[in-house]
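Student: Sequence:
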Amino acid sequence: MDNRNSRLLVMLTVVVPWWVCQAAQGQAPKPSPKVFTLEEAVNFALTNYPAVRVALERVSAARGGADLARTNYLPRADLLWQSNRATRNNIFGLLLPQPIISPISGPVLPSTSNDSVWGSAAGALFSWEPFDFGYRRATVQSAQAAEGRATAEVKLTRLDVAAATANAFLTLLAAEQRVRAANADVERRQVLAKSIHTLVDNQLRPGADASRADAELAAARIQLIQAQASEPRNAGSHPWNCGKRA
Numbered sequence: 001m002d003n004r005n006s007r008l009l010v011m012l013t014v015v016v017p018w019w020v021c022q023a024a025q026g027q028a029p030k031p032s033p034k035v036f037t038l039e040e041a042v043n044f045a046l047t048n049y050p051a052v053r054v055a056l057e058r059v060s061a062a063r064g065g066a067d068l069a070r071t072n073y074l075p076r077a078d079l080l081w082q083s084n085r086a087t088r089n090n091i092f093g094l095l096l097p098q099p100i101i102s103p104i105s106g107p108v109l110p111s112t113s114n115d116s117v118w119g120s121a122a123g124a125l126f127s128w129e130p131f132d133f134g135y136r137r138a139t140v141q142s143a144q145a146a147e148g149r150a151t152a153e154v155k156l157t158r159l160d161v162a163a164a165t166a167n168a169f170l171t172l173l174a175a176e177q178r179v180r181a182a183n184a185d186v187e188r189r190q191v192l193a194k195s196i197h198t199l200v201d202n203q204l205r206p207g208a209d210a211s212r213a214d215a216e217l218a219a220a221r222i223q224l225i226q227a228q229a230s231e232p233r234n235a236g237s238h239p240w241n242c243g244k245r246a
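Once you know that position 114 of the sequence shown is 114 in the numbering used here, the rest is easy, because the numbers rise by one and skip nothing.
Take the hints with a grain of salt, since some may be wrong.
To be verified - Capping the alpha-carbon separation at 20 Å, the derived lysine to aspartate or glutamate pairs in EDC-like fashion look like this: (1) 194 - 209; (2) 155 - 39; (3) 155 - 57; (4) 34 - 231; (5) 155 - 40; (6) 194 - 216; (7) 194 - 176.
I should point out that these hints are in silico values taken from the structure, not numbers from a laboratory.
Using the sequences and the accompanying hints, generate a full structural model.
Tutor: Below, the structure written as structure tokens:
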């Protein structure tokens, strides 16, 4: 009895979650494709295409570089405060320049000592360079030129994206229209072939006309298949559906 209950519990544990997942998948609504006009498709691409966003961020970076270059005209103030505790000892001889040991100040003692003292220092420096012979101005102009170039790249990128979007939109629209025209031609030739076969069966037209109508119908069907093959795949899931208008 216990084994049977354990088997039933295992089956419920496995089957119920699977059934719930299947029901959830069946009830989940499928997202419908958006329907855009040509203008809406171009605006959507200009807003969401990554290349446009990258170009805009480059403009922001170049503008920040120009603002940074202008700060060179401002005066500069440096403040310093330090405090340390060290022994009275000093290094005899020459202390070569290196990034590890800081410069040591104070008189050289005749003997070593383990006594330590507190030392502190404070300083302030205000500096301003009124004349630089055009260096800062040239730096600002260079940063502004970089900003102008980035702005021009944004316009070029937007133009390329808009042209590519319009080209894709019109290509898809032309492919759909070719399929519609080929389908209408097939339907027309089916009606014509049916009427000619009726006349041939009643001996009102020669049999060659029926063969010719069948050949023209077969050629129309081939053109329809070729038009469907040249149409972009899964056009209904395209960001814009040319077959419908919003």
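Student: Could you run down the list of hints and mark each one as holding or not?
Tutor: Evaluation of the provided hints:
1. 194 - 209: 11 Å, holds
2. 155 - 39: 18 Å, holds
3. 155 - 57: With a Cα-Cα distance of about 13 Å, the restraint between residue 155 and residue 57 holds, given a limit of 20 Å.
4. 34 - 231: Roughly 19 Å separates the two Cα atoms, so the pair holds.
5. 155 - 40: Satisfied, since the Cα-Cα distance of roughly 19 Å is no more than 20 Å.
6. 194 - 216: Distance of about 12 Å is within 20 Å: holds.
7. 194 - 176: 27 Å, violated
Hint check: a violation occurs at hint 7 only; the rest are consistent with the structure.
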